[in-house]
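J.: Each chain, letter by letter, is given below.
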Amino acid sequence: MSEETTTGLSHNKLAMWVFLGSECLLFGALISTYLLYRNKFYDGPAPGDIFDIPFTSVSSFVLLMSSLTMVLALSALQKGDIRNNRLWLLTTALLGAVFIGGQVYEFTTFIREGLGYTTSPFSSAFFTLTGFHGVHVSLGIVMIMSLLISSYRGKLTKKNTETVEIIGLYWHFVDVVWIIIFTVIYLVPNPTS
Amino acid sequence: MTDTMSEETPTEEQRPLGVYTRPKGGNGWRDWVTTVDHKKIGILYGAAALFFFIIGGIEALLIRLQLATPNGTVLGAEMYNQVFTMHGITMIFLAAMPLAAAFANYLIPLQIGARDVAFPRLNAMSFWVFLAGGIFINLSWLLGGAPDGGWFGYAPNSGIVFSPSVGMDFYAIGLQITGIASLVSAINLTVTILNMRAPGMTLFKMPVFTWMLFVVQLLLVFAMPVIAVALFLLMFSRQFGANFFNTEMGADPLLWQHLFWIFGHPEVYILILPSFGIISEVIPTFSRKPIFGYDFMVFSGIAIGFMGWGVWAHHMFASGIGPLSVAAFSISTMFIAVPTGVKILNWIATMWGGRVKFSAPMLFSVGVISMFTIGGLSGVTHALSPADTQQTDTYYVVAHFHYVIFGGIIFGLFAGLYFWWPKVFGHMLDEKMGKINFWVMLVGFNMTFGPMHVLGLQGMSRRIDTYSPGFGFEAWNMVATIGSFIIALSVLIFLINVVVSVKRAKGQPPCPPDPWDARSLEWITPNPTPEHNFDEIPTVESLDEFWHRKWGTDDEGQIVRVATAEEVCQDGTATGVHLPSPSYWPLIFAIGLPFLGLGLIFNLWLTLPGAILIVVSLYAWIFEPVDDPDGPHGEHHSDKEEVSQEASDV
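Those protein sequences? They're chains A and B, same order as listed. Okay, so the first sequence: first residue is 1 according to my numbering, each after it adds one. Okay, so the second sequence: first residue is 1 according to my numbering, each after it adds one.
These are computed hints drawn from the structure, not numbers from a lab. Keep in mind it's a predicted model, so treat the numbers as computed, not measured.
Taking lysine to any residue pairs in the SDA-like style, the calculated list, with each CA pair at most 20 Å apart, reads:
1) LYS205(B) <-> GLU541(B)
2) LYS155(A) <-> LEU90(A)
3) LYS205(B) <-> THR7(A)
4) LYS155(A) <-> ALA620(B)
5) LYS205(B) <-> THR6(A)
6) LYS205(B) <-> GLY8(A)
If you anchor each label on the Cβ, the simulated ranges turn out as follows:
7) PRO70(B) <-> ILE180(A): 48 to 58 Å
8) GLU4(A) <-> PHE204(B): 19 to 29 Å
9) VAL616(B) <-> GLY116(A): 28 to 38 Å
10) ASN39(A) <-> VAL380(B): 35 to 45 Å
11) LEU35(A) <-> PHE204(B): 39 to 49 Å
12) GLN78(A) <-> ALA327(B): 53 to 63 Å
13) PHE51(B) <-> LEU139(A): 32 to 42 Å
Using N, Cα and C, we set each Cβ at its ideal position, and we do this for glycine too.
Whenever a hint applies, use it, and build me the whole structure from the sequences.
T.: Spelled out as structure tokens, the structure:
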């Protein structure tokens, strides 16, 4: 960025950091709600009965790998390597889409097994927390696809590395949040009915 | 960005890069709906806030009419619930917060020596989204009933079982919309303050007003997402049958209270700190002394900002949270009185030994100190949990928070209106009427809310729509009702003052710069502020930079004038300053949001036009060309969606 700012950070990047600070409390409040209700499964399935930890571990791994590919996309653009930049952006978006696909599959399986959105306080809290995260990943995919389209219109060049970096910040944040959510929901020993 | 804007003439020919061309500004209403100028947006915020202030005031008068006599019949019980709920929502979210936002928008860039905020279009969007949210909530009056569960919306009372009308849906979605406005504006102003200070303007040379507003923006950044989650949970419970507050299934009704007050208590400081900031500018100016203990003022503001997160459960002492929690929150609540007390004493010390001139803004500021102190002291009585258990849900609480909110905030905002009116509009408000305005308001305010202390201690419950004769409530309720109409009279005096002063100023030259012998940087520009703010970005050497350019010390250490205001002030004649272009898209984006809300409440098809407006406006926003591709950028964009603007514009 050519412009001078007091902190030396560009406005855009600073704004993204502040926004992500705000997002911490959004997920913090949702995670607290889930923790309050993880034992309140009423007559419905208990978390320990229904979670398929190996499956979710795989999709979590996929999401984590997408952070790596996002870094590779940024690094490619920093070197002016447009071709690899596009390749890694596309890979990132695809990995994100695989994660979302896994979430859709998980949700439909749960609903088939009797855990609907209105089954219990636990089910409402579970779907709301993971749903909010899924929406964040989906918005990230939309942003990365927008980057790809600008790239094919010839407008994503070495000059714009910061744009990719900022969207990367968002993407990594969503990943980090998933690590916390995954730990809290799946890895902490869960009650069974 | 703007502080490095070049003064060169922008290229004549516009070269749009995208599909869309940008509006050119023009004049009349088009200028206002497309503006991205922080000063115009500030004025829009102020006008809208005063409008909602009057609506909220009419609701307050209706409440007082209903309660004037026992067994009142002015409003039925159902209507009473709606009116007191909307009074709270309107005054807090649609009057006090946006009026503070008006001052923040107008003054922060001027006080730090910038030409605009960091993201001018997002700034416009914040205003239009706030207005859309305010209109949306008030639409509920016509579309099936206003919210009736209190501004605090306690679940499960606000759930579909106990509040079956659409009112609380309008509450949950409407506050979500105004919340977006607050959050976006907070991010914008945070970046502005951190990133756009004039050369030499270190953090500790910033005026106290900017500092307090900076703390407010950070509180907003972290508090808005919490209320957003609470409102989502409520909305999902009402719309989709989620079980967050379904106690039959084992849900915990305290969840709402915790989430709401984790937001709600910082919100109290979000409301009061702008007023503290305003009077921290007014009092030194009219005491002819620098503010006493600047560092202490700033740090106690920061301390309030931090400690404000640790006191929320004092709203819940009567809800059975357990003795340990009650004890902890009692202590933290008493502690937070310390930095507030520091501020009160510093203002008094600022006046001490000064040549105090009791102009209208100064009167209102002294009103804040005295009235807020009364409210603060009754607040400390709430910190004592045994006493609080007695006072909970009585009029004592109503008395307390009106002394804080009206006595602390509204008085402060009026001080700001009188103080900065010449800066914004180029003419003074009538000083004599201003003083009458203050005294009438002070008398009416104390008559209205003073008796409520007594009523509360006598045991009169708040939120009830009427009371029976014979409890000794009659006389004080009548006094309060008469007082409320005296407050209304004082607001009327203010409005008449505005009309008279505007008429008088017509055809007159704008008032000279620096009418108050003020101290901070915004007064270095002529009145009213020119569109480009500063002819030349000043280099800052000290706190109270403007004052130090006017006054110095002679050999004996006496303070002497070294320059007249006319010599120091810029004349506002610079031309060719590159300014951000206006845009339609913030407004169009904002129009989409109420459609989403109406769709969720009434018919999902209605969300379609809303979604289309939002998606189209966001992408149009991204691809909107800067008007001068070779010149420095007038605008920047923050959100995830908007950042790719760089990719398409550059």
